[in-house]
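Engineer: One letter stands for each residue in the lines below.
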Amino acid sequence: MSGFLLQRLMQAILLLLIVSMIGFAILHLAPGGPLSQFAAGGEMNQEDLDRIIEQLGLNRPLPVQYAEWLWRMLSGDWGLSYRDQQPVLHIIAGHLGPTLELMLSSTLLAMLIGAWIGIIGAVKRYSLFDSIATIGTMIALSIPTFWFGLVVIYVFSVGLGWLPSGNRFTIGDGSFLNRLHHLVGPCIVLALVSTAVWSRYMRSSMLDVINQDFVRTARAKGVPERQILMKHVLRNALLPMITITGLHVPSLLSGALVTETVFTWPGMGRLFLDSISYRDYPVVMGILMFTAVMVLLGSLLADLLYGVADPRIARSGR
Amino acid sequence: MTKISDGSVTSAFPMPAIHRRDMLALGAGGLLAATGLGSARAQTKAAPPPPSKPTGQVVVGLSQEPTAFNPLMPGIEVDETVWMQIFNTMWVADPKGNLMPDLAREIPSEANGGISEGGLAWKVKLRPGVTWHDGTPFTAEDVKYTLELINAPGFKARTRVGHAFVKDIKVTGPLEISWRMEKAYAPYLALLSNTFIVPKHILEKAADPNTAPFNQTPVGTGPFKWGTRTPGDNIQLVANDKFHGKGPYLERAVLKYVPDQTALYAQFRTGQVDLIIGTGIPANFYAEAVKLPGRKVVKIPSASLEMLMPNLEHPVLKDKAVRKALYASLNKQAIIDIIYYGLHIPTESFTPQDSWAYNPNLPKHVYDPALANKILDEAGWKRSGSGTRMKDGVPLTFAVSTTTGAALREQAQQLMMQDWAQIGAKMTINNMPAAVIWGEFYTRSKFESLIVGTAFRTVIDPDPAARFASDAIPAKNGSGANQMQWQNAEVDKLLKDGQTTFDQEKRKAIYWKLQEIAREELPILPIYQYAPVEGYKEGLIGYEPNVNARQNTWNMGSWYWAR
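For the protein sequence lines, the chains are A and B, in the order given. For the first sequence, my numbering begins at 16 and goes up steadily by one. For the second sequence, my numbering begins at 110 and goes up steadily by one.
Since the hints were made in silico from the structure, they are not lab data. Certain hints may be false.
In the EDC-like style, the derived pairs of lysine to aspartate or glutamate whose C-alpha atoms are separated by at most 20 Å in a straight line are [stated by the list, open to error]:
#, chain 1, residue 1, chain 2, residue 2
1, B, Lys292, A, Glu62
2, B, Lys433, B, Asp486
3, B, Lys265, A, Glu69
4, B, Lys314, B, Asp243
5, B, Lys265, A, Glu116
Extracted from the complex, chain A is given alone in its bound form (with noise of 0.2 Å):
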């Protein structure tokens, strides 16, 4: 198990600098920079400019650039945000708080009536329940999520007045339930589409199983329905979700990027958005290795927990 590990790891942080390297590389190519902003403004002149790009470095060579980001990174500093001037790990904390509060209810919600749809739609297969769900997963499935946004707001905010028009809090409240007010807006609208993702996937995990010879012989052997059901179509069905879930971890903290901004919710996604638009490059690298590392977590989290939950897994000697 330590072996695995130990491999594992060395493999994370070659991958690591490999990404670090290709996302800087990107990042600065890409035309355009950090003074676009300040261009636009028109109020700088060419020498201001100029000054302020050799302050912040930026006319060195991409290597040397580079090299030194990749020092300070190691040795903990991540670097101060152009346009905040705020440390970046600072910076990524601060949105962290909203973007789990959003990530984790929607994703709870959507995992809780999508497994469910699943299991039924599973078992009633090509019923008349089924063939409305399958439907409307793919209608949830196609629907852009920043129209939905607009037409949830429309409808509940601007029409019926029933929710805030976005925000996380309203200024100078901030109880919980006016939390949970403002909440049900965009967890309504992310949940909508990662319903239907989770349903199709327990769906049809649950049919892998459902066919299954041991399943067959568990009928022949005349245990019930529903204990068939509970004990060995479930528990075998929840083993691939496991890895979905794994693999999820990473947006869990990277937040949604139209959810967030349609609805006014200052998270990852947003901060990442805003960094892009900027090209405010120490956050944007921030964000990218926090990513990263989030989700070689993620999947190295599904990998043990599956030999938690699967014990032939974890004696086939990994």
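The hints should help you fit chain B onto chain A, whose structure is shown.
Structural biologist: Okay, now just chain B, sitting in the frame of chain A:
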């Protein structure tokens, strides 16, 4: 220079001019509003008096996020919404262009001896009784420190335009300061109306002013003190009860960032933000917004100009006949009416129509494709088989660029393309994201032509030297922002004269001439002057659009709610 008030210590923040604002609210038209022709009082009942102590809060909706809080460091316009509350300048410009003393006791002029030796020697008397938010008294040392910091070698100053000429700064008394200028530079008065004074006693203790904690928790002399910030969401400011001017009347001001303009408008509709300023309400929502109950929606004056900026080194666009023909065959009114719902104001000049330097006698643009064809025929641009004109083997074709996703400008491009196809000019479209467009593509003049919305002036001064002088072309190692690469000896001389003349009437003559030349030579094709739409909740007293402020939170200290 701008009209100068009587020199007595008056507050920089006058009581709101109610009649003017309501004229705007009635949609009296941007031009009328901009010129302040509000003699007919639209509002009969007087505004209720302000509260005796700061009460309530206002939530200001912004579509960009303020992130830079040191007012001397690089920032964009939206950052100034914060600077204006926390800090003060020596004087500020009111909506009519009058400079009003703030941290200074009077506006220096040649008449009162504040400016002498033909603009080389400056002396400013400062206002007594001003304190920093931490209780430390404000003195001339703070002004000296501020001006020196801007020019300090390692400091990431936003701009040194004008400041670079300042030398020999002397504190001649606790509230008196003098300096000399390397050369006479009239726009400096205007530049100082946008130069916020920072506290010496805090910043001098910082190891590096570029990374001082002050830059995250600024301390100033303004009507509001720094409260808290939730990055990516909002900034809360609290009333400064020791403020030297009128107000503040609000207990708290919240600057709320809503990144999407449509979402921001929705929050305005549902009442989560009390007002929308800055980028404002999108033109396509204007008709609906004016009908919203409990909201006032106003067209506000703006100094920004929408133009087609040709690259004058482009083989086709360098030909004046081509520019004249393109301008004559551009249906400006159609662009304004069809795409911008008739909101904006057609203009012929780069100078805002609200400025004292604006020349109203320029030839009016007439949409006349026949004239355009004639100009091109005479200039030797002959129609070829494909319909595109040619001259000396060069086809009359060029690209127009704008920011990808700027939907309204992309529509304007379609109209331009149709207009110009009629006269045998082939326009192509080359759009890119904002960070790319405004990078070297723009600054180093790598575009063929560009749709640009910007103001051609120096803060509130009409001086456009940075835009038009031939030594201001970055692509030719100049320092400035003459991206169209205009070179004209007569213009250079006028620009120089304008900068070294302090008498407003004389300067006016200079800038009138300059506008005539620009109208004739067309280094830019002016399309319209912006009339953006802002909105606020009924009952908010004191909001007053100011074409001479970079954000309409300029007088937020004197805002309050009618109860």
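Engineer: Which hint numbers does the structure go against, in order from smallest to largest?
Structural biologist: Of the numbered hints, just 5 does not hold.
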